[in-house]
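Student: Chain by chain, the residues:
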Amino acid sequence: MKENSLWKDAFRRLIKDKWALGSLIIVLVYSTVALLAALGIIAGDWAKEVGASNMAPNVEHWLGTDIFGRDVLSKVLRGTQIAMSVGLVTSLIAIPIGVVLGALAGYFGGWVDDLITWLYTTFSSIPNIMLLISITMILGKGIFAVYIALGATSWVTLCRLIRGEVMKHKEREYVQAAGAIGGGHFRKLFLHILPNVTHIVIINTSLQFQFAIKSEVILSYLGLGVQGEPSWGTMIDDAKLELSRGVWWQLAGATTAMFLVVLAFNLLGDALRDSLDPKLKGK
Amino acid sequence: MIKYIIRRLLYLIPVLLGVSFIIFVLFNLVSGDPTAVLLGKNATAKQMAELREQLGLNKPLLDQYFDVVKSAFTFNFGYSWATKQEISHMILQGAYPSLCLSVPAFVIATILSLIISLVVAFYRGKGIDLFVRIMCIAGVSVSALAYILFFQYFFAYKLGWFEISGFEYGFPDFIPFVALPAIIFILLSLGPDVRFFRTVILDEIYQDYVRTARAKGLSEVVILLKHVLRNALIPIITYVVIQIPSLILGALLLENFFSIPGLGGITLNALNSSDFPVIKAMAILSSVLYILLSLLTDVLYTFADPRVKLK
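Going line by line, the protein sequences match chains A and B. 277 is the number that numbering that gives the first Met the number 0 gives to position 278 of the first sequence; each next residue is one higher, with no gaps. 240 is the number that numbering that gives the first Met the number 0 gives to position 241 of the second sequence; each next residue is one higher, with no gaps.
Pulled out of the complex, with its shape left as it was, chain B reads as follows (with noise of 0.2 Å):
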């Protein structure tokens, strides 16, 4: 196994290199000249060309190339051109009010859907069964900006349970302002998540073994948490855990909506005030840890069937 992750890391080298390509072709090649847009209309050539040497613009394209693998190791990123912050210290930053939001309402998503699918699975072809999926059919075909805005409008606006907006540091403190964000998220994900979950179960649920344990005259809710969980786990841990790195981003528009002064606000901020260097990093440390979080699943693979080698 040992082997194997080796030889997985070894293959993150190309998909990083590629990925920093991209990057590079649209951020150093496509969009042009920033200067302009950043001194604004009175700029002199000299400005715009000392501005050019400090950002780095004048060197070798193979150079700015380097750059930008280097700084998916090392997550140094640079300057911000709006706040001209440091950017590693801005996304430390935000990172904190993203994950109060994401992170629990992530869980608490993921462990409903499937208590929710494996009931649904119990009762497949009845009622519940159907009901469950039109409403996740009709439920993943409302737009995510319509939920947030009725939620906000109605429980925090006109009833006034929750924070409308804002954001405040320290636990316990942040909770009445990620409340309801956290709600719209779970309710977000549960359309997609049963959906897929409920497929990968009933997938289980008609093969032979299924049979064969029923004969051995197991009751159905063993069978179901016993068997069937633990085969449906594959398709289930890699649905899960490619999810991670768009939590970070996932929340973007709640966080939006809500003033949460987390990753996804920042990012939006930056594209509000083209501050490229901070969408590039985000784009970079996205990219970085999905890459990660695949080989993370595979190895998980391993644990939850132990009939997979990794070779």
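Looking at chain A on its own, in the form it has when it is part of the complex (with noise of 0.2 Å):
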């Protein structure tokens, strides 16, 4: 008989949705440009002059030249990795931290419950933007910083999810079954409970990606952002002296990059939740 895992099947109603099969898509050329602009296959040379000064698109540079006459083009794929990676790495931070600490809350509860509780009011009592705008005022402007804000700030959100779920699923009869063929907690906790609570960190990672994105498009626009090296942020910065010059392919480029890219991560969360959640199917 062929085996019908819950992914396989998750993954067969995911792609039956065009909107979605499509989004996957967009996201994959999305991760691509960024891997292969990392490893400087393209857009290496950004930052060389290619042409005149603010040249508008023509056949040779799509999105034409800025205004030291460089490709804008180039500008938009290396802005790409940066929002890429920033998306990637505040995941990489937010993931672990949200995922163990909203584990234990919901598994011990009593105390543990009540500091990690204690924890992520604390965390989310802070507006966001405020703490985004102090931690990198302190670490110092820079890639870096802007990794460590998101990273700090986007934990909340999953913590208290997989908290509530945790908790929904520890009486389960499949956990106590565990519990009397003598299953520890830690082996009731990491191999029975949390791969039934993984859906909810596929789908929150799709939506961290696109806060991510928009918030280092935000950050870069202020100046704590990447420093030296073009971002979506700094681009449309840029366009804010050069519109009323009728510049207005600089703006256009980076809004576009960023808007498919951030409804696709939208598309994708949803149609993520409608797949591996049916329960909340056409909420």
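Check before you lean on any hint, since a few could be wrong.
[What the hints assert, rightly or not] Derived Cβ-Cβ restraints for the label pairs, each shown as a range: (1) A:GLY21 - B:THR73: 49 to 59 Å; (2) A:PRO194 - B:LEU28: 46 to 56 Å; (3) B:LYS58 - A:GLY21: 53 to 63 Å; (4) B:LEU38 - A:GLY139: 12 to 22 Å; (5) A:VAL28 - B:ALA48: 21 to 31 Å; (6) A:LEU114 - B:LEU28: 20 to 30 Å; (7) A:LEU114 - B:PHE65: 21 to 31 Å; (8) A:GLY21 - B:LYS157: 30 to 40 Å; (9) B:GLY77 - A:GLY139: 47 to 57 Å; (10) B:ARG123 - A:THR31: 45 to 55 Å; (11) B:LYS157 - A:VAL58: 27 to 37 Å.
Think of the hints as simulated: they come from the structure by calculation, not from any bench. Computed from a prediction, not measured in an experiment: that's the story for all the values here. Heads up, the beta-carbon is just placed ideally off N, CA and C, and yes, glycines get one too.
Bring the two chains, given one by one in their own frames, into a single complex with the hints.
Tutor: And the structure:
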């Protein structure tokens, strides 16, 4: 008999939805671009002067050139690498913290729960933008500070969701059964309960990526983000002064690049929720 | 209920201590010695030592921490490094333009979103529902920066319908200055608001009591307004009230683009001049506001839903 695992079913449901499939393809394309840019295979020479200053889009330079005669398309591709890396690194910071703390709080309850609840209430009490500004300001401008700031703010949502879900699961029969055959706390929590709540991590990551990308753009626009490298945010900042002179292509390039990937992550997040958590379908 | 409120107020203490601790760690421990930055390259060691004394950086760490905690209760934040003004005075001054922009915009945006979501819920599954959903998801995917840039360029610069930047104190003089940023604020809020409200309303619409109401022969409009909305109120209240603290800062980008001298402007100026005490004050103030409003949300629940007993 053919095996029909939960994940296979979910994947099949996901690719049946053509919006979700499209989003998945966009995300894969962006990831590839980011990887190639990180390895220097594409857009490695973004800083080179390739033509006159502020050339309108043409056959040679599809998105024109900026004030220093640099190719805008290369800058957009380079910015893709920055944006995707911010999404990836903040997820890598937020997921372990959020999952472990959320699982411990939900499973053990009592003072552990009180402590962890207090911790995330405290973090969520400082408005996000204020915490982001403070951390990036203190750590000094740059991409590293953006990683830390976004990581420090984004584990909270995941922690809260995991805590709630683990609480629901810990009294279920399968966990009792695991306990009855001699499984300890560690075994019950990490081998039995956690695999059943992973879907939350996946859905949340998709939404986390789009939040991280949007925040990176705003922080870079404010001058707190990546220094000396093109980011979509700094490109939009440049465009602020250029727009009145009719130079629209930097703005258009950066905005479109960001729009597509954020839209894709949004749609993918919704589709993942529908396919992994069919109870919530259509909500 | 009084008992509950007192208990909740007591719970504020550990949270406030925690918030103060994070801010203390960031601004007093991690940030390092600010005197070199403040005095410039030609500072002598004596000058630096004097300034350190003056800023209270020589105090034991525990005292410095208690200073942060104290400021969360007294709102006495000391003086700005850049402008030498008293910070609480700066904040009071900046609050006026900020509130002129964000309060009307926030109220209109919330009401408008609620109306749109009710209409969309009424026509759920039809063309208009799909259209609004697509607009919302596309709308939230465009960078806020792009909206602001485009609207400012097109409506203020090209067409000249609005003031490009600046602010005028006093009613109704401020209206031409805040009108365009307010419109952008509303547009920016519509996407996420409608998405959230629609979900919440649709959550309720498939409940049994709605079927009962329909069976009684009530019209769909009455069901929506009297039954569904009432029950959807709790998540809506939470969502709306929790946004208020970020309102002071939510208009940060708008204030920056339109040169409105509000709290967002103060924060960004402080950011550019490494004016730590001002950023610190804004962080503390917005957190205190957040904590108080989350208490208010809980109390509002009891009015929205009498079944909620606070204990």
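Student: Determine whether the Cβ-Cβ distance between LEU38 (chain B) and GLY139 (chain A) falls within the hinted range of 12 to 22 Å.
Tutor: holds, 19 Å
Student: Kindly confirm whether 21 to 31 Å is satisfied by the beta carbon distance between VAL28 (chain A) and ALA48 (chain B).
Tutor: This hint is violated: roughly 58 Å between Cβ atoms.
Student: If you check the beta carbons of GLY77 (chain B) and GLY139 (chain A), does the distance land in 47 to 57 Å?
Tutor: 23 Å Cβ-Cβ, so the 47 to 57 Å window is violated.
Student: Does 27 to 37 Å hold as the CB distance between LYS157 (chain B) and VAL58 (chain A), or does it fail?
Tutor: Holds, since LYS157 (chain B) and VAL58 (chain A) (Cβ atoms, about 29 Å apart) stay within the stated range.
Student: For PRO194 (chain A) and LEU28 (chain B), compare the CB-CB distance with the range 46 to 56 Å and indicate the outcome.
Tutor: Cβ of PRO194 (chain A) to Cβ of LEU28 (chain B): about 39 Å, so the range 46 to 56 Å is violated.
Student: Between LEU114 (chain A) and PHE65 (chain B), is the Cβ distance one that fits in 21 to 31 Å?
Tutor: holds, 23 Å
Student: Note whether the CB distance of LEU114 (chain A) and LEU28 (chain B) lies within 20 to 30 Å or breaks it.
Tutor: holds, 22 Å
Student: That 53 to 63 Å hint for LYS58 (chain B) and GLY21 (chain A) (C-beta), does it hold up?
Tutor: With a Cβ separation near 59 Å, LYS58 (chain B) and GLY21 (chain A) satisfy 53 to 63 Å, so the hint holds.
Student: A range of 49 to 59 Å was offered for this pair. Does it hold for the Cβ distance of GLY21 (chain A) and THR73 (chain B)?
Tutor: Check passed, 55 Å falls within 49 to 59 Å.
Student: Within 30 to 40 Å or not, the Cβ separation of GLY21 (chain A) and LYS157 (chain B)?
Tutor: Given a distance of about 35 Å, which is inside 30 to 40 Å, the answer is holds.
Student: With 45 to 55 Å as the target window, see if ARG123 (chain B) and THR31 (chain A) comply at their CB atoms.
Tutor: With a Cβ separation near 38 Å, ARG123 (chain B) and THR31 (chain A) fall outside 45 to 55 Å, so the hint is violated.
Violated hints, listed in ascending order, are 2, 5, 9 and 10; each of the other numbered hints is respected by the structure.
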